[in-house]
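Got chain Z sorted already, so can you dock chain S with the ligand onto it with the hints?
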Amino acid sequence: MKSPREFVPSGFLVYLGWGNLAIIVIQKTENLLSAKSGSATAERAEQVKKPSQRLTKEDCLEIFKQLYLARYFDVRLIKEKKRGRLRGTLYSSHNQEAVLVGSLFGLKPTDWISPIHRDMPAFFMKDFRFDIDNPDRLGMSIEEVCAQVWGKEGSPGRARDNWSHIGSKSKRIIHSTSMLAGTIPVAAGVAYADRMQGGDAVVLTYNGEGSTAQGIFHEAVNYAAVHKLPVITIVENNQWAYGTPVDQECPTPDVADRAKGYGIPGLIADGQDVFDVYDKVMEAVEYARAGNGPAIVECKTFRAYGHGDHDDDRAMKYRPSEEIEKGRRRDPIAVCRQTLIDLGYLTGDAKTMYMAEGKNAGDATNDDFPPEVVDFLNKGIEFAMNSPMPAAEEAEKWVFWNGGQA
Amino acid sequence: MSATTEAPAALKKNYLTALKEALDEEMARNKMMLCQGEDIGRLGGAFGVTEGLQAKYGEDRVVDMPISEAAIVGSAVGMALNGMTVMAEMQFIDFISCGFDQIVNMMATYHYRTAGEVHIPVVVRGPAGAYGGGALYHSQMNEAWFCNAPGLKVVCPSTPYDAKGMLKAALRDGNPVIFYEIKELYRKREIEEELPTEDYIVPLGKAAIRREGKDVTLVSYGQNVYHCLDAAVELEKLGISAEVIDIRSLVPLDEDTIFNSIAKTSRVIVVNEAPMTCGFAGELIARISQKAFHLLDAPPSRVTRMDTPVPWVKPLELHVLPTIDKIVAEAVRIYRF
Ligand SMILES: Cc1ncc(C[n+]2csc(CCOP(=O)(O)OP(=O)(O)O)c2C)c(N)n1
Numbered sequence: 522m523k524s525p526r527e528f529v530p531s532g533f534l535v536y537l538g539w540g541n542l543a544i545i546v547i548q549k550t551e552n553l554l555s556a557k558s559g560s561a562t563a564e565r566a567e568q569v570k571k572p573s574q575r576l577t578k579e580d581c582l583e584i585f586k587q588l589y590l591a592r593y594f595d596v597r598l599i600k601e602k603k604r605g606r607l608r609g610t611l612y613s614s615h616n617q618e619a620v621l622v623g624s625l626f627g628l629k630p631t632d633w634i635s636p637i638h639r640d641m642p643a644f645f646m647k648d649f650r651f652d653i654d655n656p657d658r659l660g661m662s663i664e665e666v667c668a669q670v671w672g673k674e675g676s677p678g679r680a681r682d683n684w685s686h687i688g689s690k691s692k693r694i695i696h697s698t699s700m701l702a703g704t705i706p707v708a709a710g711v712a713y714a715d716r717m718q719g720g721d722a723v724v725l726t727y728n729g730e731g732s733t734a735q736g737i738f739h740e741a742v743n744y745a746a747v748h749k750l751p752v753i754t755i756v757e758n759n760q761w762a763y764g765t766p767v768d769q770e771c772p773t774p775d776v777a778d779r780a781k782g783y784g785i786p787g788l789i790a791d792g793q794d795v796f797d798v799y800d801k802v803m804e805a806v807e808y809a810r811a812g813n814g815p816a817i818v819e820c821k822t823f824r825a826y827g828h829g830d831h832d833d834d835r836a837m838k839y840r841p842s843e844e845i846e847k848g849r850r851r852d853p854i855a856v857c858r859q860t861l862i863d864l865g866y867l868t869g870d871a872k873t874m875y876m877a878e879g880k881n882a883g884d885a886t887n888d889d890f891p892p893e894v895v896d897f898l899n900k901g902i903e904f905a906m907n908s909p910m911p912a913a914e915e916a917e918k919w920v921f922w923n924g925g926q927a
Numbered sequence: 021m022s023a024t025t026e027a028p029a030a031l032k033k034n035y036l037t038a039l040k041e042a043l044d045e046e047m048a049r050n051k052m053m054l055c056q057g058e059d060i061g062r063l064g065g066a067f068g069v070t071e072g073l074q075a076k077y078g079e080d081r082v083v084d085m086p087i088s089e090a091a092i093v094g095s096a097v098g099m100a101l102n103g104m105t106v107m108a109e110m111q112f113i114d115f116i117s118c119g120f121d122q123i124v125n126m127m128a129t130y131h132y133r134t135a136g137e138v139h140i141p142v143v144v145r146g147p148a149g150a151y152g153g154g155a156l157y158h159s160q161m162n163e164a165w166f167c168n169a170p171g172l173k174v175v176c177p178s179t180p181y182d183a184k185g186m187l188k189a190a191l192r193d194g195n196p197v198i199f200y201e202i203k204e205l206y207r208k209r210e211i212e213e214e215l216p217t218e219d220y221i222v223p224l225g226k227a228a229i230r231r232e233g234k235d236v237t238l239v240s241y242g243q244n245v246y247h248c249l250d251a252a253v254e255l256e257k258l259g260i261s262a263e264v265i266d267i268r269s270l271v272p273l274d275e276d277t278i279f280n281s282i283a284k285t286s287r288v289i290v291v292n293e294a295p296m297t298c299g300f301a302g303e304l305i306a307r308i309s310q311k312a313f314h315l316l317d318a319p320p321s322r323v324t325r326m327d328t329p330v331p332w333v334k335p336l337e338l339h340v341l342p343t344i345d346k347i348v349a350e351a352v353r354i355y356r357f
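From first to last, the protein sequence lines are chains Z and S.
Count along the first sequence from 1, add 521, and you get the number used in the working numbering.
Count along the second sequence from 1, add 20, and you get the number used in the working numbering.
The following block holds chain Z by itself, in its conformation from the complex (with noise of 0.2 Å):
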């Protein structure tokens, strides 16, 4: 196989850059090895410029404004279904949201993502960082996400599959499934297209950690290490698979230990604090796309609510109350927000508007959220309601590909 310093097209400059750049990511990469969970003032003591002190105030208010948009969706979503008006069912994100901005804030537009039943939010997210209302960004649109929960004309697999079974070749999201981890091999081979066709784009899968005892969980990784391929697979520990807690699932403490198989990086992000999430996910991608390979990084979080929303009143039976207090104490909204203020990027009023932390999503009302998340939430269920349902014909269409002819 190749080096993929091998595919840059443009020559002996750019291979010494690149060369270059692996060397500083790797050695950055093993500070983090050893330093291993930490905690975040630990890490901030470190030597190492942690991507996130690149971010500017801008970026980083920007990173607060997605928070509050995740959680808006999602409290929508959760008010929308309890007045019985979606199908299917509703997999909340409450609480998790810094795993999702924290990720794809640093992607590049020509990147991949693959998000899974408990990331809705990421499939309109992809992109965010260049400006929500931008035309050009390449995420999909909150007008096909909203069609898609709603079942409607336009989104974009015409409702064929369960709304969170979305995703789009032309914006680069892989298309997600039911088959747990059955995503990360498809993940591999988009970026070994990518790479043969001389991209450096890297893929991020998300999975739940119940996901990794899945066969093809190794199966992918292992494949993804040999050849050294940009996929960096997000574990989202949020301490449950479904009824199962986590230690039924995984007989380690940390799910980025299995990485150690693999002979690649295993990295812990604290899921609550989106600036931790961002800088391990981003020294992630830049090893990956230097040409080093996969890389696993696991988000400690908490899953505010029960599976689905079918499963609300029982999770509140096999959870200790005491647990799902102390899990849904740490609100990542709340986390950022205290960063926010450390740095004196939110001062005077502006501390305390907008208070959606904490919060039950039956409790919070739109008070709680900026005015232009909730402007640009119901453009898109707008979008959604206005549309019409998809024809009963159109259930016997593309079963086979016909050459491309209409």
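Misleading hints may appear alongside valid ones.
Here are the in silico distance ranges between beta carbons for each label pair [as the list claims (entries may be wrong)]: (1) Z/Asp834 / S/Leu336: 55 to 65 Å; (2) Z/Glu917 / S/Asp80: 16 to 26 Å; (3) S/Leu156 / Z/Thr610: 36 to 46 Å.
Okay, derived cross-link-like pairs now, DSSO-like style, lysine-lysine, Cα gap no bigger than 27 Å in a straight line [what the hints assert, rightly or not]: (4) S/Lys284 / S/Lys234; (5) S/Lys208 / S/Lys226; (6) Z/Lys586 / Z/Lys749; (7) Z/Lys690 / Z/Lys673; (8) Z/Lys838 / Z/Lys673; (9) S/Lys51 / Z/Lys749; (10) Z/Lys603 / Z/Lys900; (11) Z/Lys918 / Z/Lys692; (12) Z/Lys629 / Z/Lys571; (13) Z/Lys918 / S/Lys311; (14) S/Lys76 / Z/Lys749; (15) Z/Lys586 / Z/Lys838; (16) S/Lys51 / Z/Lys692; (17) S/Lys51 / Z/Lys690; (18) S/Lys51 / Z/Lys918; (19) Z/Lys600 / Z/Lys838; (20) S/Lys311 / S/Lys334; (21) Z/Lys838 / Z/Lys602.
Keep in mind the hints are simulated off the structure, nothing from the lab.
Keep in mind it's a predicted model, so treat the numbers as computed, not measured.
For glycine and all other residues, C-beta sits at the position ideal for the given N, C-alpha and C.
Frame of chain Z, contents of chain S with the ligand only:
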């Protein structure tokens, strides 16, 4: 390495060489094509189908994969999603079960799920079939699993000409194709043929009439086509004229050729080495009963493997599989019905 390809009299080519030529020509034609599988590069494949391809096209396009059918098939889906055409080799088709989920849930459904945005040009091919003492895990014909998964095309050539032309067609088809090769035919001298020097394909979805007859239609594919042809010779001695149809392509299926033959013979037997229950023979008979009942003078019949695994030693193996004798006996019974 194949003796036949290097033999001086090699105007005629064997089934395996035909497959190799198909891959070679398609790799040359389509720079975005890639082959992957276990031991297919350095070694050239367990049977030699990919021999020489890595030297010619490089390690990036002829990839030795970890022993990981799910990764072989799953990453092929990702490559296809990102603009490539992939040949994914299963070392033996029996092991395809280890990649089953990726095939039936990921690959087969991708076009449908995305309402046509994505199509998956991947051919999963591998050696299949019994009669050589391969025993339980190296003898299966598991095509029915995949015929039952909408979105997959399923084919099985029986001649070198078809092997080459259908593999080329499959690689250009744009849909996922499960391509059954008959390993007992790979190097069989008797079936070698001259192949056209110019580019050609054999379209998927067209059956072939291998022998004309007027009393009974024998419908089959793969290795069993030859059993049917031999049975037809025996039947002729008994004054029964058998027509032999090689369907070649299970999905899509050329029903017309089958029905037209039955219109002539009024009798049909499906011969299939897969186990009987829920095998493809049952599907053919159901369609014949539903759509061509009025053409029949006798109940449609089938000769299949028994519902057992494929045992190892010869007397046991032949006991459970279709044989010439069993086909002849059934044809006589149907003829006298
Ligand atoms: C192969 C497979 N087996 C079982 C399921 C059913 N299932 C869906 S989600 C889930 C739990 C997933 O837990 P985890 O991976 O930790 O992700 P989380 O839902 O906690 O985010 C299960 C068992 C499935 N979708 N796919």
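Structure-based check of all given hints:
no.: 1; hint: Z/Asp834 / S/Leu336: 55 to 65 Å; result: holds (57 Å)
no.: 2; hint: Z/Glu917 / S/Asp80: 16 to 26 Å; result: violated (40 Å)
no.: 3; hint: S/Leu156 / Z/Thr610: 36 to 46 Å; result: holds (41 Å)
no.: 4; hint: S/Lys284 / S/Lys234; result: holds (6 Å)
no.: 5; hint: S/Lys208 / S/Lys226; result: holds (24 Å)
no.: 6; hint: Z/Lys586 / Z/Lys749; result: violated (35 Å)
no.: 7; hint: Z/Lys690 / Z/Lys673; result: holds (20 Å)
no.: 8; hint: Z/Lys838 / Z/Lys673; result: violated (36 Å)
no.: 9; hint: S/Lys51 / Z/Lys749; result: holds (22 Å)
no.: 10; hint: Z/Lys603 / Z/Lys900; result: holds (21 Å)
no.: 11; hint: Z/Lys918 / Z/Lys692; result: holds (23 Å)
no.: 12; hint: Z/Lys629 / Z/Lys571; result: holds (18 Å)
no.: 13; hint: Z/Lys918 / S/Lys311; result: holds (24 Å)
no.: 14; hint: S/Lys76 / Z/Lys749; result: holds (23 Å)
no.: 15; hint: Z/Lys586 / Z/Lys838; result: violated (34 Å)
no.: 16; hint: S/Lys51 / Z/Lys692; result: holds (24 Å)
no.: 17; hint: S/Lys51 / Z/Lys690; result: holds (21 Å)
no.: 18; hint: S/Lys51 / Z/Lys918; result: violated (31 Å)
no.: 19; hint: Z/Lys600 / Z/Lys838; result: holds (22 Å)
no.: 20; hint: S/Lys311 / S/Lys334; result: violated (39 Å)
no.: 21; hint: Z/Lys838 / Z/Lys602; result: holds (22 Å)
Violated hints for the displayed structure, listed by number in ascending order: 2, 6, 8, 15, 18, 20.
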